[in-house]
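Add chains P and Y to chain A, keeping to what the hints say.
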Amino acid sequence: MEVAIRKEDLFACIQCGKCTGSCPEAGKTPFNVRMMVRKVLFDEWNEEDLLWFCSSCGACTVRCPRDVRPSEVVVGLRAAMVEAGRVPTSLYQALENTLVQKNPWGRSKNKRDEWTAPLDFQIPFIGDGDLHTLLFVCCVQAYDPRCQVIPRNFAKVLHTAGVPFGILGRKEVCCGNEIRRVGEWGLFRELREENSRNFKRYGVERIVALSPHCMNAFRKEYDGVVQDVLHYTQFLWELIREGAIEPKGEYPKRVVYHDPCFLGKQNGVFDEPREILRAIPALELLEFSRSRENSLCCEGGGGRMFIDVEAGERNGERRVKEAEELGAEVIATACPFCLLNLEDAATVLDAAIEVKDITEILMEVL
Amino acid sequence: MGYALVVGETRGGVIEERSLDPVYFSDKIGLPSYLLLPQGKYDPLKGVCDKVLVSSFEEGDFLNPLNLVRTVEGVIGAFGAPSLILFPHSSFGMDAAPFLAGRLSWPLITDIAGFYRDEEGMVFVKPLYSEKVHAHFRLRDARGVVGTVRTGAFEGEGMRKETVFERLEAIEKDPRREFLGYLEEEVGDVDITRAELLVSVGRGVKEKENIPTFEELASLLGGTLSCSRPVADRGWLPKSRQVGTSGKTVKPKVYLAMGISGAFQHIAGMKNSEVIIAVNRDPSAPIFQYAHYGVIEDMHKVAQKMIERLKGQG
Amino acid sequence: MEVVVLAKWVPVTQEEELKLVRGEKAVDLEEIPFRLNEWDTYAIEEASRILEAHGGTGWVVSLGGEEADTALRRGLAMGLGKGALIETEEELVDPFERAQIFKNFLEKKGIKFDLLLSGVQAEDDQFAATGGILAGLLDLPYATMVMGIEEISEGEVTVLRELEGGFMERVRISLPAVLSVQTGINEPRYVSVTGVLAAAKKEREFLPVDEFSEGRKGRIEILKLEFPPPREGAEIIKGDLDEVVENIFEILKEKGVR
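Residue numbers (the numbering used here), protein chains in the order written: chain A, 1 to 366; chain P, 1 to 314; chain Y, 1 to 258.
Watch out, some of these pointers could steer you wrong.
The list that follows gives simulated cross-link-like pairs (lysine-lysine, BS3-like), each with its CA atoms no further than 30 angstroms apart [stated by the list, open to error]: (1) P:Lys132 to Y:Lys217; (2) Y:Lys238 to P:Lys253; (3) Y:Lys217 to P:Lys239; (4) P:Lys206 to A:Lys321; (5) Y:Lys25 to A:Lys171; (6) P:Lys311 to P:Lys206; (7) Y:Lys238 to P:Lys311; (8) P:Lys46 to P:Lys161.
Keep in mind the hints are simulated off the structure, nothing from the lab.
Just chain A, with the same shape it has in the complex:
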């Protein structure tokens, strides 16, 4: 079985506490990653319920001065739980759904391309003709009515700019990033194999991922099957720089950008989304005090989009309040989990603030 971390590596831990200090779950939940590492090292750990709080933001791993990689320790422990059959009920369903329908929400795999229906043009299948750039849509964006607008927007932009690209359509299966983060490595391997086979079969040379989670999987967990993997903001910024698309209209609003963990702190993409927003006339770009590497995790990763835990005050709500304090009118983001979590939070708080994906803002000004 694959091992996330060897126990000997944990001896490097000096218990400095930078991990827990940066953990979005620390303080408001009993989850304490510093203590967990110590207990595992001394074979004293038995708090499996706490494992499921982790949202895989990766802050602990980024901050750790000794390369202990606590977020990976969590994943390794989760994998042991999965093999032992001890998973939260909500996770059980998500895993079953992914096994049968290739997406954690259990939506029909035969309907994975329905998001394309309202478009007035056909998006080619990646296998047709001489196409090498794949748009990887992502489960949430393929099925969730709120998020389907994002792939549609992106497709429209590319279509108008005359950029050749294709999609896998119904052959696309979950990238498996979250599946790997919750420890179901057998299932992750199956998904990876299926996607990889299709990437090779259809000569994919470049993947543009709409979700930072998918991008993360393809960049780091897919054994380099495709070398050139971009997040859609990186692709769009390229197009803007080349002049292929030009934001002309005005967007006279105060917009604060929220760095998604899997885009920002885990994959170093901070600037492109900001450059896109700065290129939009009349848009006033604000910064959270906790931004870039210190961005506050929305708690959507690590399987948290489908695991039920009682996690105290939600970070999504904290973030919306922070945005209100800044005087922002819009929170812009580039990850579907962040989008949903922040928007839910804004609804619950009945905030006047809007939450938008970058493509939504861009569509208004092109």
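Same frame as chain A, but now just chains P and Y:
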């Protein structure tokens, strides 16, 4: 002359209304119906069926499939073999009908939702694949058939009959299964079947922490909070609040279904509500097929706005 | 104790747009994903718990095509000891026929079980009949809608049956017996993909249905399939949030509940 043997069901001595569905079905087929029931008095049945056969078994023993086989064999001995032996499609029907079919070696069709005749004979309609398809079944042997009848699939035609009451001879119990008693699920605080307005939450409520908002909405509207199975399974609301085949059947004036997708078992529990308003983010949610009014919107947003208005009006 | 569990490999059709083929006598299942019948997962879990508590062996038995092997491996990964797939590519629509095949299998293999468990019904045909008919053919006591197995002692078992309206019935049944269990009777353990793959090493038999076809006969047949008439859907209330809520209040006023 053929007849249909309808095995009825009582609970606490009261006949369950669904026991009459197979009687209406027999009327449709055009066969006299003999309604078989446990010990009890059944005057209200006068005029409804052709015969009422009263078993010597008490309710608990009567509903026992093993005893029922013996009872039916007794009926066959006394009155000849029926053309059909029918049950309501209920927990009892699902218990007894297949077992009886096995013992008698008769074919079985469950959850019969329709019927007609063609040149070759009787055709029974049964839903398959989550209600998406209706199968038309024919019998290969034209002999007898055991069936369970879907509640509400057939309606009484208002035929008035000369009902004859018969007592059946006492039969020995089968010792291999014994009725020990009834239990009720923990009695909840509120009886949702009495509410005039129900605010019902489903999976879309997402977390336990969101329940109080809907509690507040229900309260401000002067109604009661109920839920679908997933919410009760997770313990976010007591089982007594669950609407559906394994929960309660409700018939309020208004049923406000929020974040409920509309699984068949849930629909079965509320479809007779006078007005069903469904609120769901997903436009393809099956509940919109059953609701009178639909709102395609986030249930939380709608609830918040409604509460805001209700409070504003003081 | 010896426990046998029946497991069915079924298509998942809730969200699918179905098409009819073969002269409208069958549904096109080519593109439909399959899985182990949800009810049977609970039955397997219950059997595993009984065996863990009382010791003994457990069988998981399925009747179907070769892909149904995955159902067996799930059962084995969840704790049952032996598996058997009675292979056939036929679509056996008559539960009576399925029950006859299972009866022949049990008798020919000489399996003397204490308990035979099935799920209340299968997701595809929802007949809810095979277990009960099998019990009838074997002349063994039966109960369905079992939502709790309270006690197993010398030669008998006490169970709770789910009734309508939140009521339950407690019954005592002598063993050997056949029980059909309802969802929610337990919380099935998760078995990982790796675990299911590993279960391929456990003892499994693949047997042709012809070996168990003595006296079997389908007594009901499908004349045709058809789609039910489309229901009149809901009247969708349009407008922004304020308008929508206004409308809702109007409806409530009309019904006299506001």
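Hints, verified against the model:
{"no.": "1", "hint": "P:Lys132 to Y:Lys217", "verdict": "holds (27 angstroms)"}
{"no.": "2", "hint": "Y:Lys238 to P:Lys253", "verdict": "holds (22 angstroms)"}
{"no.": "3", "hint": "Y:Lys217 to P:Lys239", "verdict": "violated (43 angstroms)"}
{"no.": "4", "hint": "P:Lys206 to A:Lys321", "verdict": "holds (21 angstroms)"}
{"no.": "5", "hint": "Y:Lys25 to A:Lys171", "verdict": "holds (29 angstroms)"}
{"no.": "6", "hint": "P:Lys311 to P:Lys206", "verdict": "holds (24 angstroms)"}
{"no.": "7", "hint": "Y:Lys238 to P:Lys311", "verdict": "holds (24 angstroms)"}
{"no.": "8", "hint": "P:Lys46 to P:Lys161", "verdict": "holds (8 angstroms)"}
The structure does not agree with numbered hint 3 stated previously, though it agrees with all others.
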